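Engineer: Residue numbers (the numbering used here), protein chains in the order written: chain D, 20 to 125; chain A, 787 to 925; chain F, 189 to 460; chain X, 2 to 511.
By construction, these hints were calculated from the structure, which means they are not laboratory data. All of these numbers come straight from a predicted model, not from anything done at the bench. Beta carbons are placed, not taken as given, at the ideal position from N, Cα and C, and that holds for glycine. Wrong hints could be hidden among the right ones.
Incomplete in silico selection of chain F near chain D, CB under 8 angstroms [what the hints assert, rightly or not]: (1) L205; (2) A208; (3) A330; (4) L332; (5) F333; (6) H342; (7) G346; (8) I360; (9) L364.
Per the computed footprint, the stretches of chain D lying under chain F, defined by three or more beta-carbons under 8 angstroms from a beta-carbon of chain F, are [said to hold, decoys possible]: (10) 25–31; (11) 38–44.
Sample of chain F residues facing chain D (criterion: CB under 8 angstroms; computed from the structure) [to be verified]: (12) M189; (13) I337; (14) S344.
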Amino acid sequence: MTFEHFSIGVGVALLLLMIPAMCRIVMGPTTMDRIVGANMVGTKTTVLLVIIGVIFGKVDMFIDFALTYALLNFTGAIAAARYLRHKGRRGIVLASTSEESVCERA
Amino acid sequence: MVISFLSALLILAGLVFFLGAGVGILRFPDFFSRMHAAGKGDTLSTLLIIAGFALYQMRDLGDSEASVSAVLVALKMLVIIAFLYIASATSTSALAEAGWEDGNDPVIAPKHENRLAGPPESRTAAADLNRNSTHDSQP
Amino acid sequence: MQKLFATIAVIITGAILLNAVEDFPRFGDPHSPPNSGVSGGSVSSSVHYLQNTYLDTRVPNVVTAVLADYRGYDTLFETAVILTAGIAVFAILRVVRRKDEEESTGSEEKACSGEFSTSDSDGEGRHRVVVGTACRVVVPLAQLFGFYIIAHGHPSPGGGFQGGVVLGTSFILLALAGGLGSALGRLREDMYLRLACLGVFIYAGIGLLSLFFRRNFLDYGALSGLLQTGGEEMARSHGIFGVELGVAMTVTSVMFALFANLSTRGELKGGL
Amino acid sequence: MSEHLPVIVVLAPLFGAVIVGFFGTRDRHLCFPIALTALALSFVCSIGVVHHVATVGAWDYFVGGWESPHGVGIQLRADGVNSLLLLAIAVVALLALVYSIRQDGEKDAEKSPFFYVLFLLLCVGLFGITITGDAFNVYVLIEITALTSYGLVAIGSSRRSRVAAFQYLVIGTVGASFYLIGVGYLYLAVGSLNMADIRTILAANPEIANSRIIGTALVFILLGVWTKMGLFPLHGWLPNAYSYCPSGSANLMAPLVTKVSVYVMIRILFGVFGLGVITENPGWSDLVVLIAVGSIVAGSVMALTQREIKKMLCCLIVAEVGYMVGGTWLGDAGRWGLTGSMYHILADAMMTSCLFLAAGVFAKQFGATRLEHLSGLFRRSPWAAGAFTLGGLAMIGVPPMCGFFSKFYLIRGAIDSGHWLYIVALLGSSLVNAILFFRIFEIAYFGEVPESSESSEGGCPTRGRHAAWRTAPLLVAAALTLLLGIFNRPVIDLIRGTVVENIDIVSMQE
Chain D
20 MTFEHFSIGV GVALLLLMIP AMCRIVMGPT TMDRIVGANM VGTKTTVLLV
70 IIGVIFGKVD MFIDFALTYA LLNFTGAIAA ARYLRHKGRR GIVLASTSEE
120 SVCERA
Chain A
787 MVISFLSALL ILAGLVFFLG AGVGILRFPD FFSRMHAAGK GDTLSTLLII
837 AGFALYQMRD LGDSEASVSA VLVALKMLVI IAFLYIASAT STSALAEAGW
887 EDGNDPVIAP KHENRLAGPP ESRTAAADLN RNSTHDSQP
Chain F
189 MQKLFATIAV IITGAILLNA VEDFPRFGDP HSPPNSGVSG GSVSSSVHYL
239 QNTYLDTRVP NVVTAVLADY RGYDTLFETA VILTAGIAVF AILRVVRRKD
289 EEESTGSEEK ACSGEFSTSD SDGEGRHRVV VGTACRVVVP LAQLFGFYII
339 AHGHPSPGGG FQGGVVLGTS FILLALAGGL GSALGRLRED MYLRLACLGV
389 FIYAGIGLLS LFFRRNFLDY GALSGLLQTG GEEMARSHGI FGVELGVAMT
439 VTSVMFALFA NLSTRGELKG GL
Chain X
2 MSEHLPVIVV LAPLFGAVIV GFFGTRDRHL CFPIALTALA LSFVCSIGVV
52 HHVATVGAWD YFVGGWESPH GVGIQLRADG VNSLLLLAIA VVALLALVYS
102 IRQDGEKDAE KSPFFYVLFL LLCVGLFGIT ITGDAFNVYV LIEITALTSY
152 GLVAIGSSRR SRVAAFQYLV IGTVGASFYL IGVGYLYLAV GSLNMADIRT
202 ILAANPEIAN SRIIGTALVF ILLGVWTKMG LFPLHGWLPN AYSYCPSGSA
252 NLMAPLVTKV SVYVMIRILF GVFGLGVITE NPGWSDLVVL IAVGSIVAGS
302 VMALTQREIK KMLCCLIVAE VGYMVGGTWL GDAGRWGLTG SMYHILADAM
352 MTSCLFLAAG VFAKQFGATR LEHLSGLFRR SPWAAGAFTL GGLAMIGVPP
402 MCGFFSKFYL IRGAIDSGHW LYIVALLGSS LVNAILFFRI FEIAYFGEVP
452 ESSESSEGGC PTRGRHAAWR TAPLLVAAAL TLLLGIFNRP VIDLIRGTVV
502 ENIDIVSMQE
């Protein structure tokens, strides 16, 4: 087994392991949960880009993509956090979240 | 060969931690513990996997022809690692704070509820309102 | 009713699109018309690009050469599209104040345009400390990386659009970390509007230079008369780089302009 | 420099826009002179292009010097039709620009530089679409045109204009993406983007020309272009967008954007797919003529129900688009329908420009936006009234005006090909136009001057301040409407001589 095959295996495993995060994006229950899931998927996409580079034998090229993607992912997460924080303080999300926390507590 | 083996070991360790993060984000009961799983497991697994690949790039360092670009690539991977190390922690912090102000409440065992109610001065009025309403609605 | 109509329209569109799939060339077929030209004789332009790019322009990356040289006329207008988007958003959203209000806002912007303002009036100090400290490390590196991408359009996938996005992101990060005022202190509003225009001007201006050497528009080969080194091929390579700089300027400033105007509803105060 | 005229036509407004954006924010009084200089340069260059085309013949220009037979670079091509359209665009844009000096008054003065930037960029898009010989380049320029149009519609401060701009944005984006899908399919089938190159490939390889990919590409390109021009079932955005935007923008967009889309349709049909598309599929072309008839009828009926002047004019645009699409698809042997459509693009640009300028003058100077406001108005402003009358008569199709000749050629083509329904719709729509305009003439010339006219004048502070700047372009537009009709012969000869004959040569080669 060469390292390329191993890399493909790692990539597939990463994709499979992303499924829980995807589930969290779909299930919620709050918007913040979805953003946490999306952030996790984004971080792993950075890794996947490196792996794709290894598989294609062009790591020097894909490493730039990975770095750019990581930067954009970081900016996106911070922006989402800032944006939703304002929303929550204005009391828009509260109605649904209070019900959710009641359910979980009960 | 040893280096390949070591890097494979690092990558597999990363996958294991990522599995932990995945289980955590799926199974933990409230936002903050899920955040905890995602933040820690995700960051560590990413660092380990990329470190594994960086190590693999250095496998034939003695070969003068390939070594310059290989070292460059490995250095770039280290830059990614450093960046993710900062960025992941920061975004986790920002998201957790946003979640707190958004009105997410941690799930707390009933007997500790009063003790661990969180720093009172940072609680927004909205969160307090939320807390009161949940108290009222409980049987 | 509307939904039903929309569904039917979408299904019909999809059916028409899929109708032709049967006649498509095989995926990755080296003999398909786009890859090798029509069997009737004429060579496809892609063959020409792959065979002659390095000879014509001394640029190893075919995509960059096609983008900025062979089809540079398209890219000029794509840059203009980005400028248009920035100007249009500005013209629609920006809230313009009267004279008496302007004075007060001017002083306010001055107040918060210093260093990373880690303490805000509305008690967000803690958040600003963590994100602000991280961004103090990240932003300069991101900007350096942006310049690297712009400069590396020749050998690797990169260039003005991508590098401009990274540079613009760095300014957005600055705004997220220290408040919009701190970012506007570094890239003022009249500055970024001018920079966006200047980018397109640089692009079109480099193209226009070749007119003075009695060559066609955007024929960078004419620049060899100015540069005096390396012949026409190197002149093309340098021309492509100059053009990428112009694109990067426009993209950077328009990205920041969009963020600033959209996140504050044109007030340019407060924001995220 | 004279060998670069085709590209300078496009570049002059681009540089103008950039310079206005750079210096205009500092000194707002620079905007208008810079914009005027840029468009005047375009105007002069387009005269040069028309002269060259009329004396020498079609003019190819290869951007970047990539003179390759198989479309490596981007080719510009000026021929009998599009050089004239370039001239028309330059004229209409100049008139709209002169009209729009300080168009917003003092209210939004801080934003006026950006109005000029968008205005000039819209001109870049229109000039570029007209002169390019590359199918993908058309898409890029359609995007510029569309984005600037959305901005120019939404720049009006009212809430209605923002809503109209949003509708326009959604539908316009769908149209542009349809065009892009079509071009993508086309490239997949032939491997080239150069229009002339695609034409030769399709003519040489009938098995490609008859494949489903090409058919789908044609359908999507046509759908996209029809959406952009507001043909009948796809016209929903048009009346709101053009009537709720500031009159400075409407004067540029209403006469030109739809006409340029019609031109794109004609160029794609005959420069890329070939005339065979129409003549070999009589069933489909009959259907398209039927749609065009529907567009004419719908536009006329909608216009009858409107009481607002600008909205009525917008509905008439829908009908006019029907004329041109129908004329293009007649498929008559004498090609008179096609000639009529091409001539009508120019004529309609002039007529619509004249009418919209007049409507703008009425709205700005007398606050008259609805028919009943016009009562007795024409006696108070005889010059504007005279110009509006000329424009209206041209729209109806009264002989010495340009509208008559385009209808004459369209009907001649329809008789040749036997599309009687189209003739009926054309004549019926002329009748409706006559009803509409004579109703306006009656109200405006013979109606009672309202008692409160003095106070309404007091309510319009802009009256008289820039009245001369607004009336002068209106008079020029009216004069051009008349002149284009009287001297129609050389224009028709140029259109017929260069393009229609070229099409015949190509279709004979097949």
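Engineer: It remains to establish, for every hint, whether it holds in the given structure.
Structural biologist: These are the hints, each one checked on the structure:
Hint status for L205/F relative to chain D: violated, with the closest Cβ pair at about 28 angstroms, above 8 angstroms. For A208/F, the interface hint is violated, the least distance from its beta-carbon to any beta-carbon of chain D being 31 angstroms, above 8 angstroms. Checking A330/F against chain D by beta carbon gives a least distance of about 6 angstroms; that is within 8 angstroms, so the hint holds. Annotation: L332/F was flagged as interfacial toward chain D, and the flag is violated, the nearest CB pair being 11 angstroms apart, outside 8 angstroms.
Among the interface hints, the one on F333/F holds; its C-beta lies about 6 angstroms from the nearest C-beta in chain D, closer than the 8 angstroms criterion. Checking H342/F against chain D: minimum C-beta separation of about 13 angstroms lies over 8 angstroms; hint violated. A least Cβ separation of about 7 angstroms between G346/F and chain D falls short of the 8 angstroms threshold, and the interface hint therefore holds. Contact between I360/F and chain D, as hinted, is supported at the beta carbon level, the nearest pair being about 6 angstroms apart and thus within 8 angstroms.
The interface hint given for L364/F is met, as the beta carbon of that residue sits about 5 angstroms from the closest beta carbon of chain D, less than 8 angstroms. Counting residues of the segment 25–31 of chain D whose CB lies closer than 8 angstroms to any CB of chain F gives 0, so the stated coverage by that chain is violated, three being the minimum. Counting residues of the segment 38–44 of chain D whose CB lies closer than 8 angstroms to any CB of chain F gives 0, so the stated coverage by that chain is violated, three being the minimum. For M189/F, the interface hint is violated, the least distance from its beta-carbon to any beta-carbon of chain D being 30 angstroms, above 8 angstroms.
With a cut of 8 angstroms, the hint placing I337/F at the interface with chain D holds, because the nearest CB-to-CB distance is about 7 angstroms. Below 8 angstroms, beta-carbon pairs count as interface contacts, and S344/F has one with chain D at about 6 angstroms; its hint therefore holds.
Hint compliance for this structure: hints 1, 2, 4, 6, 10, 11 and 12 are broken, all remaining hints hold.
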